[in-house]
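Construct the complete structure from the given sequences, taking the supplied hints into account.
Chains as they are written, first to last, in the numbering used here: chain A, 15 to 286; chain B, 13 to 325.
No wet-lab data here; the hints were simulated from the structure.
Just so we're clear, the structure is a prediction, and the values are computed from it rather than from any experiment.
Where a beta carbon is used, it is the ideal one built from N, C-alpha and C, also for glycine.
There's no promise every hint is true.
Simulated crosslink set (SDA-like; lysine to any residue; CA at most 20 Å straight-line) [as the list claims (entries may be wrong)]:
| no. | chain 1 | residue 1 | chain 2 | residue 2 |
| --- | --- | --- | --- | --- |
| 1 | B | Lys107 | A | Asp271 |
| 2 | A | Lys264 | B | Asn77 |
| 3 | A | Lys264 | B | Ala230 |
| 4 | A | Lys264 | B | Pro73 |
Between beta-carbon pairs, the in silico distance windows are [what the hints assert, rightly or not]:
| no. | chain 1 | residue 1 | chain 2 | residue 2 | range |
| --- | --- | --- | --- | --- | --- |
| 5 | B | His75 | A | Glu232 | 20 to 30 Å |
| 6 | A | Asp283 | B | Ser257 | 55 to 65 Å |
| 7 | B | Lys134 | A | Glu83 | 54 to 64 Å |
| 8 | B | His75 | A | Pro237 | 24 to 34 Å |
| 9 | A | Gly180 | B | Asp101 | 52 to 62 Å |
| 10 | A | Gly99 | B | Pro243 | 24 to 34 Å |
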Amino acid sequence: MNVNAVRSLMAIERNEAEGRGGNRRLVLRAPADWPEPAPGQFLMLHLAPPEPPRHDPLLPRPMAVYRTERRPDATLLEVLYKVVGRGTSLLAGYDPGVALPVVGPLGRGFETPGAGETALLVGGGTGIASLYGLAAAARAQADVHVLLGARHADDLMGLADFEALGVRLSLATEDGSAGHRGLVTALLERALAEADGPTRVYACGPTPMMQAVAGLAEGAGVPCTLSLENRMACGFGVCLGCAVHGPGEKLHLVCRDGPVFDTTELRVDALP
Amino acid sequence: MSAQDGTTAPAPDLSVDFAGIALRNPVLTASGTFGYGVEFGPFLDLTRLGGFVAKSLTVDPRHGNPPPRIVETPAGMLNAISLENVGVDDFVATKLPAIPDGVPVIASVFGTEIDRYAEVCKRLTGVPKVAGLEVNASCPHVKAGGIEFGQDPQALATLVAACRSATDLPLVIKLSPNVTSPAEMARVCEGEGADGIAAINTLQALEVDPETRRPALANVLGGLSGPAIRPVAQRIVFQIAQAVSIPVCGMGGITCAADAVRFLLCGATAIQVGTANYLNPEVAGEIVEGLAAYCERHGVARVADLVGALDRS
Numbered sequence: 015m016n017v018n019a020v021r022s023l024m025a026i027e028r029n030e031a032e033g034r035g036g037n038r039r040l041v042l043r044a045p046a047d048w049p050e051p052a053p054g055q056f057l058m059l060h061l062a063p064p065e066p067p068r069h070d071p072l073l074p075r076p077m078a079v080y081r082t083e084r085r086p087d088a089t090l091l092e093v094l095y096k097v098v099g100r101g102t103s104l105l106a107g108y109d110p111g112v113a114l115p116v117v118g119p120l121g122r123g124f125e126t127p128g129a130g131e132t133a134l135l136v137g138g139g140t141g142i143a144s145l146y147g148l149a150a151a152a153r154a155q156a157d158v159h160v161l162l163g164a165r166h167a168d169d170l171m172g173l174a175d176f177e178a179l180g181v182r183l184s185l186a187t188e189d190g191s192a193g194h195r196g197l198v199t200a201l202l203e204r205a206l207a208e209a210d211g212p213t214r215v216y217a218c219g220p221t222p223m224m225q226a227v228a229g230l231a232e233g234a235g236v237p238c239t240l241s242l243e244n245r246m247a248c249g250f251g252v253c254l255g256c257a258v259h260g261p262g263e264k265l266h267l268v269c270r271d272g273p274v275f276d277t278t279e280l281r282v283d284a285l286p
Numbered sequence: 013m014s015a016q017d018g019t020t021a022p023a024p025d026l027s028v029d030f031a032g033i034a035l036r037n038p039v040l041t042a043s044g045t046f047g048y049g050v051e052f053g054p055f056l057d058l059t060r061l062g063g064f065v066a067k068s069l070t071v072d073p074r075h076g077n078p079p080p081r082i083v084e085t086p087a088g089m090l091n092a093i094s095l096e097n098v099g100v101d102d103f104v105a106t107k108l109p110a111i112p113d114g115v116p117v118i119a120s121v122f123g124t125e126i127d128r129y130a131e132v133c134k135r136l137t138g139v140p141k142v143a144g145l146e147v148n149a150s151c152p153h154v155k156a157g158g159i160e161f162g163q164d165p166q167a168l169a170t171l172v173a174a175c176r177s178a179t180d181l182p183l184v185i186k187l188s189p190n191v192t193s194p195a196e197m198a199r200v201c202e203g204e205g206a207d208g209i210a211a212i213n214t215l216q217a218l219e220v221d222p223e224t225r226r227p228a229l230a231n232v233l234g235g236l237s238g239p240a241i242r243p244v245a246q247r248i249v250f251q252i253a254q255a256v257s258i259p260v261c262g263m264g265g266i267t268c269a270a271d272a273v274r275f276l277l278c279g280a281t282a283i284q285v286g287t288a289n290y291l292n293p294e295v296a297g298e299i300v301e302g303l304a305a306y307c308e309r310h311g312v313a314r315v316a317d318l319v320g321a322l323d324r325s
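Structure (structure tokens):
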């Protein structure tokens, strides 16, 4: 149960393009006492203000909480998104001042790595946004190595923020416009080979990437945690729309039981 | 607060009697969209509601369909969850105690055979907090080759009669819209002793992904809900209300108080909020407040006066 979730109307503070790849940064003005989100938690963001009523697109969109900043009079809540369809196109058109309903923070977030552990964070495409909070929270006690992959350098979400964290950062792009030319999983192979001592892998990205990451982690005998995305209507365990397969007959709800799962809880071959 | 001092009119009376269940207001939440109630605790004071209809219960716990289970469509969504639930005994033992007192709970009943429906009705009868039963007639009837109970007048009559003899609780039958004449089905229910009708369930539908050429849902077919179906639902509620003398609980795409008023005018005594609960977990409470404001604005002393008051002059 997401006992700390609340519904709030949040005015847009900023809604700006970042790079030329369609990525955007949305900064929302949340109440000062908005519940503290755990790294990896998400929110359900409505795509239209309450008035006048708008029913198409109908469903709110699940979005990772990227970062929060506490101020005396408000909490600034950042979300990174990419314009990919009707909903995100609509969102991209809103100016500062427009207020959107938000439900959150929702779901089960990441367990941060233990002291002295090596944490390999693998982000692909828009999945990168789910990992920033974990990188920020883990860097004090763990050796954090962030591996980011995308098609093109412009698609690397939040790159400057990761650089500012001071963690080890490796990049891969499919066209070679930044870092290694190829897939981020090649970087992970190398990082797993170099890692000594207790190591954990965390990943969020397209399904084929996460399946490859899970396979590499398993091969190296390293525990692996995935943050999943799925279609969902409510975000708080009621519509039952976001079910994913666990071992055997088991079905998990991404919104309530996740979005963060250990790979042992999942049938990785049957991810959405 | 008196009309005599010329400053304030008395607050409108929102209470209604639906199928023998006294409701403090006509706003209920629909089965399958409100979990077991407790999920809404962080968002909504349940005691503001007229009541709520819990997720459909079967004798044994039931797993749902494989994913993908939902897809967004224009002003609506399709779902094919297949009535995943904890089973009637677990509901009574673990879910009901978490519901605050004073909230009428209407338990939704479901089965694949008539005696299974009747068994669930029996196990819910006499249980504190259960104010009535809503029989979900949109289940494929295994022994009749998979046609839904609610699509065959004979099967529906047998089902209602069996549930009627299994319980003395107020008995409401939730009808499928996927028939030529829902009003005829409502008459069948009335004839077998039902106390009320709930309408409509989801419209059977199919969505297709043209890129993959596959159905959007693993189950292929799903149920369409949301604002897209509201005018269809209003038509059906209107027709049923004309056809029977037992009360109708109307639902289908209600998202605001104005929609609730529309259903009351079409002849619904109470209404249920469904898909809108996903979009805004506080919406049912907002609709209660909006209904009161509507009554005040229009000088309606009793919300029951709106029932069937569609002006066709």
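So, going through the hints one by one against the coordinates:
1. Lys107/B / Asp271/A: Status holds; Cα separation ~19 Å.
2. Lys264/A / Asn77/B: Holds - the C-alpha atoms of asparagine 77/B and lysine 264/A are around 12 Å apart, at most 20 Å.
3. Lys264/A / Ala230/B: Measuring from Cα to Cα gives roughly 17 Å; hence the hint holds.
4. Lys264/A / Pro73/B: holds, 13 Å
5. His75/B / Glu232/A: 20 to 30 Å: Between histidine 75/B and glutamate 232/A, where Cβ atoms are some 27 Å apart, the hint holds.
6. Asp283/A / Ser257/B: 55 to 65 Å: holds, 57 Å
7. Lys134/B / Glu83/A: 54 to 64 Å: holds, 57 Å
8. His75/B / Pro237/A: 24 to 34 Å: holds, 28 Å
9. Gly180/A / Asp101/B: 52 to 62 Å: Holds - the Cβ-Cβ distance for glycine 180/A and aspartate 101/B, about 56 Å, lies within 52 to 62 Å.
10. Gly99/A / Pro243/B: 24 to 34 Å: Hint holds: Cβ distance 27 Å, inside 24 to 34 Å.
Violated hints for the displayed structure: none, as all numbered hints are satisfied.
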